[in-house]
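Enquirer: These protein sequence lines are chains S and B, in that order. Quick note on the numbering used here: the first sequence kicks off at 1 and runs consecutively. Quick note on the numbering used here: the second sequence kicks off at 1001 and runs consecutively.
In short, the hints are calculated from the structure, not lab data. The beta-carbon is built from N, C-alpha and C at its ideal position, and this holds for glycine as well. Careful, some of the hints might be misleading.
[Stated by the list, open to error] Here are the simulated DSS-like cross-link-like pairs (lysine-lysine), alpha carbons at most 30 Å apart as the crow flies: (1) B:Lys1162 <-> S:Lys54; (2) B:Lys1162 <-> S:Lys8; (3) B:Lys1096 <-> B:Lys1162.
[Claimed, not checked] A short list of chain B residues far from chain S (calculated; beta carbon distances all over 10 Å): (4) Val1035; (5) Ile1058; (6) Thr1206.
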Amino acid sequence: MDRYLAQKIGFVVLGLMALVVVVPILLVIGTVVIRGIGAIDWTFLTQMPRDGMKAGGIFPAIVGTLLLTLGTALAAIPVGVGGAIYLAEYAKDNWLTRAIRLAIINLAGIPSVVYGLFGLGLFVLFLNFGTSIVAGSLTLAIMTLPIIISAAEEALRAVPTEFRTVSASLGGTRWQGIRRVVLPQALPGIITGVILGLLRAAGETAPILFTVAAFYLPRLPRSIFDQTMALPYHLFVISTQVPGMPTQVQYGTALVLLALVLSMNLVATIIRSYFRRRRQW
Amino acid sequence: MIELAIRVLGFSTVGFVGLIFLFLLREGIPFFFEVPIDNVFGTRWYPTFDLFGTWPLILGSILVTVTAIIIALPLGVATAVFVREVAPGWAREILKPMIEVLAGIPSVVLGFFGMTVIAPYIRTSLGAPTGLTAFTGALILAYMSLPTIISVAEDALDAVPKSYRDAGLAMGATEWQTIWRVVVPAARSGIVTAVMLGMGRAIGETMAVMMVTGNAARMPLSVDSLFRPVRTMTATVAAEMGEVAQGAVHYHALFGIGIILFVLTFAINLAAASTIFQKRRKGGLR
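In isolation and in its complexed conformation, chain B is listed as follows:
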């Protein structure tokens, strides 16, 4: 009896993923029929004028996410290498809990900090009209994805067999050369997984991004886009859902963005998961 219940609970996660997708489709699919497809993939998002172009939002999300990863990747990998390979015990004892604390800070608190401390600083140092820019968002997103990147990269480094290190050192290489030329390259695919999971985390972040990116739905195509306001898909849903009537085109449009977000993150996580599964079968995540 209990064993049956446990079996059902085990399968429930699959059911939840299905339910989530089903309800997104139920409320979001009408959007793709109610609005002509060239409007859906247009370049202007002005729901008041029935303009539902999702490109500025998609590109906004991509701009912020990619910039965040460019910032977070070197920091995250370096920190993971430092913690695993170099740091003395006491430094590790400080670093690990600090990174856990970072993972626990609510995104709305980081967004608030970004608004009140980072944005004014960016505005004065750039001489820009506003500090609420794509870059401000990317900076905060970088730190929000760091815990994910660091912990997955650490696991990857951990899985590199000790014999690799021994071989490096026995060849007369210094510890540094061994780390840089043997251990990190051996952990390469694990680091790629770390980056993908970090990216999935960053593209789905909502509150902090909404609070610091300025939320201007424009195509981020010019060179200085990074230092101008931008609007992401997540921020659009969060900001506008409160104002729409259930069943309106705009309502369906926001669920439509939800579908795009779901499919995007699903694809990213699927890719990350497949590398994890492969490595597990070969014995050890690397």
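One chain only, chain S, in its complex shape:
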């Protein structure tokens, strides 16, 4: 066979396979939007569920997911960014650093449901937080850590060494250099990583199953030691546990969750591309 013909065929096949990857993604999003958009109105977004969740709104689930995401952010950002600063600025190339890297890779690979078991064992039972927003947020935070650390470390390492040298030459201590020069430069990258980690937390179900999620709780949580409904678990409940659920309510819930997660994704992408274009170095 003519080898240029072979090349043409090869490229077309590769393109087709990429299409096979992309088309189902559009199909999922399209289906959820088209079937769910009809359910979305002010009542759906701001009312308590009624009639065994078949009517009314999903307000407590939306609030619950926002609260859990906020709690995750509060716990995961300081630890994650701190860990990244250590790895990027302080760590020497020794066995301890390798152990940390190995731990991060493994944290990233631990199944979400195992995080749920761990959260149940440590936060809910051993520390006696009960099934609560604290327990759920902390569980999600540990799950989110590897994403935040990896992204933040990469952002810190991308800052050229000269920035640190100049800071030191002006008499700054190492920490002053990091705090005043390196961190501000790496901030967009760190924020992007944090958002990507948090959107993972917002969409996860398995880690909150036994640590915080309430099956049906038509009120807002009263404290951080209260249970709460959450969007992903609510979608799971109304699509598998409640017979005779109106399809539109299911798709509406899926749409709200998808919109929340994808808008976070969009924000992260915008921040990244905006600062990449503006960057001077």
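Assemble chain B onto chain S, guided by the hints.
Expert: Just chain B, lined up with the frame of chain S:
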């Protein structure tokens, strides 16, 4: 003072991995003492009758994961090659964000889509009693592991030195021949890493799998197992933990499955990590 805090935060990840393992052991180890070992590795999982055979669950997980990887590997590598080597700029600008979007879609949404759209389609096209089968789960898992496979494979292709490509082209090979016979083989070990990480992702997936595989705890040994309901380890834990009393044998059993899952994914990631570390030392991930 602050530097000390940062040092502690740096080490904290190691502590978390240790804590996770410790608490799994604390709640799960009793299972392996309370239940006779031939029951633990029996072929029937019926907790109500004190039958805690984990084989059907382990094999269920393996069946679904391996099928998913068989689907995802060619798609993922082809897409990575397409994005890195072939695609015009505009196609790359569309593909990369789309794959990121896929990585962001919550697994419960994919599971829901699988239940309501894919499963009915599979049922009618197979004429099977249910569309909730191992294959349905594998299909969704394949797409869930694609972002991991594509991005790691892309890094691997990226790390192949330009001189390799130049040499291929200078020998008179077409771009296609260079990609296929030089670049991809040079990226081989990186692609293996991609597959391992994708596998780790797939075996740990919970919600989507639980929603679309039908959850029948039976040994998937017959030829048509792929098109019948199956139950994975992750789905078992997620589905049953809500109903058990703390401290019961069944409770310990679910933590015991957690230990198995932890050890499995730990081993997979360790293997993947060791190839990454090796390559880093040799200069560049390939």
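Enquirer: Taking the shortest Cβ-to-Cβ distance between B:Thr1206 and chain S, state whether it exceeds 10 Å.
Expert: Check fails; 4 Å does not lie beyond 10 Å.
Enquirer: B:Ile1058 clear of chain S by more than 10 Å, beta carbon to beta carbon?
Expert: 14 Å, holds
Enquirer: Can you confirm whether the C-alpha distance between B:Lys1162 and S:Lys54 stays at or below 30 Å?
Expert: 59 Å, violated
Enquirer: Taking only the CA atoms, is the gap from B:Lys1162 to S:Lys8 under or equal to 30 Å?
Expert: Measuring from Cα to Cα gives roughly 22 Å; hence the hint holds.
Enquirer: Has the given pair, B:Lys1096 with B:Lys1162, been kept, meaning a C-alpha gap of at most 30 Å?
Expert: 22 Å, holds
Enquirer: Is the claim that B:Val1035 lies outside the interface with chain S correct, judged by CB distances over 10 Å?
Expert: For B:Val1035, whose nearest Cβ neighbour in chain S is about 18 Å away, the distance exceeds 10 Å, so it holds.
The structure fails to meet hints 1, 6 from the earlier list, while all remaining hints are met.
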